[in-house]
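Put together the whole structure using the sequences plus the hints.
Number of protein chains: 6
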Amino acid sequence: MPFVNIQITREGATPEQKAELIAGVTELLVRVLNKNPATTFVIIDEVDTDNWGVGGQSVTALRLAQERAKVGK
Amino acid sequence: MPFVNIQITREGATPEQKAELIAGVTELLVRVLNKNPATTFVIIDEVDTDNWGVGGQSVTALRLAQERAKVGK
Amino acid sequence: MPFVNIQITREGATPEQKAELIAGVTELLVRVLNKNPATTFVIIDEVDTDNWGVGGQSVTALRLAQERAKVGK
Amino acid sequence: MPFVNIQITREGATPEQKAELIAGVTELLVRVLNKNPATTFVIIDEVDTDNWGVGGQSVTALRLAQERAKVGK
Amino acid sequence: MPFVNIQITREGATPEQKAELIAGVTELLVRVLNKNPATTFVIIDEVDTDNWGVGGQSVTALRLAQERAKVGK
Amino acid sequence: MPFVNIQITREGATPEQKAELIAGVTELLVRVLNKNPATTFVIIDEVDTDNWGVGGQSVTALRLAQERAKVGK
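Protein chains in written order, with UniProt numbering: chain A, 1 to 73; chain B, 1 to 73; chain C, 1 to 73; chain D, 1 to 73; chain E, 1 to 73; chain F, 1 to 73.
None of these hints come from the bench; they were simulated from the model.
Given that identical chains are not distinguished, each listed pair holds provided it fits within a single copy or across any two copies.
List time: in silico SDA-like cross-link candidates among lysine to any residue, alpha-carbon distance up to 25 Å: (1) K70 / R10; (2) K70 / L33; (3) K35 / K70; (4) K70 / G12; (5) K70 / V54; (6) K70 / G56; (7) K35 / N5; (8) K35 / G24.
This is how it looks when you write it as C-alpha cells:
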C-alpha cells in the first residue's frame with residue numbers, strides 16, 4: 001500500500017504523460033517491492049512557477065533569465 | 001498542536017462536508033490525545049482525478065471504465 | 001481512496017491511541033464522504049520535540065519553560 | 001539539497017512576497033547548515049480558506065466571525 | 001527539478017531495493033518529462049506498521065490477523 | 001497559521017542549528033506576511049542518506065563517491 005507523491009512545476013505535463021508516470025511508478029513498486037497495485041496510490045502535484053523556488057529565486061524568475069540569456073546570444 | 005492533511009480526489013466535496021471533516025478530526029484529536037483545538041490544523045487537499053493514480057491508472061480512467069461497465073450491463 | 005497524514009509531536013502516544021485515531025478518521029471519511037475504508041490510508045508521523053517549532057522556538061524549549069513556570073509557582 | 005514546503009492560506013500573498021520567502025528560506029539554510037542554494041527547493045502551497053481548519057472550524061468561518069465581531073463593536 | 005516522496009510501511013526494504021526505487025523513479029521522470037536528474041529528488045519514508053492504517057485498523061493488526069488466518073487454515 | 005516543513009538529510013544538524021532554523025523561518029513569516037508566531041508551525045524532517053536520492057542514486061552512494069574522489073586526488 002505505498003503512497004507516492006510527485007511534485008513538479010506546472011509547465012504543461014499532459015494527461016498522457018501523467019498517466020505514464022502513474023503506470024511507471026506503480027510498475028516499479030510492484031517489481032521492486034512486490035506491492036499490490038490495487039492499493040498503490042500515486043499523486044501528482046503541479047506547482048505554479050511563482051511558488052517553486054530553487055537557488056533562492058522562483059522558477060518564474062529563473063525561466064525569464066534563461067529566456068533573456070537565449071535572446072542575448 | 002497536531003497537523004492533519006487530508007488528501008481526497010476533487011469529486012464534489014461541499015464546503016459543509018469539508019467543515020464536518022475539520023470538526024470531526026479536531027474533536028477526535030481532542031478526545032484521544034487531549035490536544036488543544038486552537039493549535040490543531042486540518043488541511044484538505046483536493047486532487048484532480050488526472051493527477052491521482054491507483055492500480056497503475058488515473059482515477060479519470062478508472063471512473064470512465066466504471067461508467068462503461070454500468071452502461072454495458 | 002483518501003490519504004490522511006496526522007503529524008504529532010513524539011510525546012508518548014500509545015499504540016491503542018494511534019489505533020483509535022486510525023479508526024476514528026476512517027469512520028469519519030466513510031460517514032461524511034462515503035469513502036471505501038479498504039482504500040483509506042491513515043499515516044501518523046511522530047516528530048521529535050527538537051524538530052517541531054511553534055512561536056519561533058522548539059517544543060523542547062517550550063516544554064522546559066512550562067516546567068520552570070510550574071516549579072517557579 | 002534541502003526541500004522546504006511552506007503552507008499558507010490563500011489570502012493574497014503577492015509574487016514579490018513569495019519571492020522574498022523563497023530567498024529568505026534559502027539564505028537561512030545556506031547560513032545555518034551551509035547548504036548549496038542550487039539544490040535547495042522551496043515550495044509554497046496556498047490553501048483555500050474552506051480547506052484549512054483551526055480550532056475545529058474552517059478559516060472561512062473564522063474570518064466571517066472576526067468580521068462580525070468588528071462590525072458588532 | 002521534481003520532488004518525489006515514496007511512503008511505504010517499514011517492512012524490510014533493503015538499501016539495494018531503495019537504490020533501485022531511486023534509480024527507477026529518476027529514469028522515469030527523465031524519460032517521460034525530460035527532467036534533469038541532477039535536480040530530481042526522491043525521498044523514501046518508511047512508516048512503522050503501528051502508524052499506518054488501512055480499512056480502519058493499523059497494519060500491525062492487519063498483519064496479525066493475516067498470520068492467524070494462515071495458522072487457522 | 002503557516003505550516004513549514006523542512007526536509008534535510010540526517011547528516012548531523014545540531015539542536016542549536018534546528019532551533020536557529022525554527023526561529024529564522026518564523027521571523028521571516030512574521031516579517032513578510034505578518035503571520036502570528038504563536039500559530040506558525042515549523043517541522044524538520046531528517047532523512048537517512050539511504051532514503052534520499054538525487055541524480056538517480058542515494059546520498060549514501062553519492063557521499064561514498066565524493067570520498068573516493070578526494071582520496072584519489
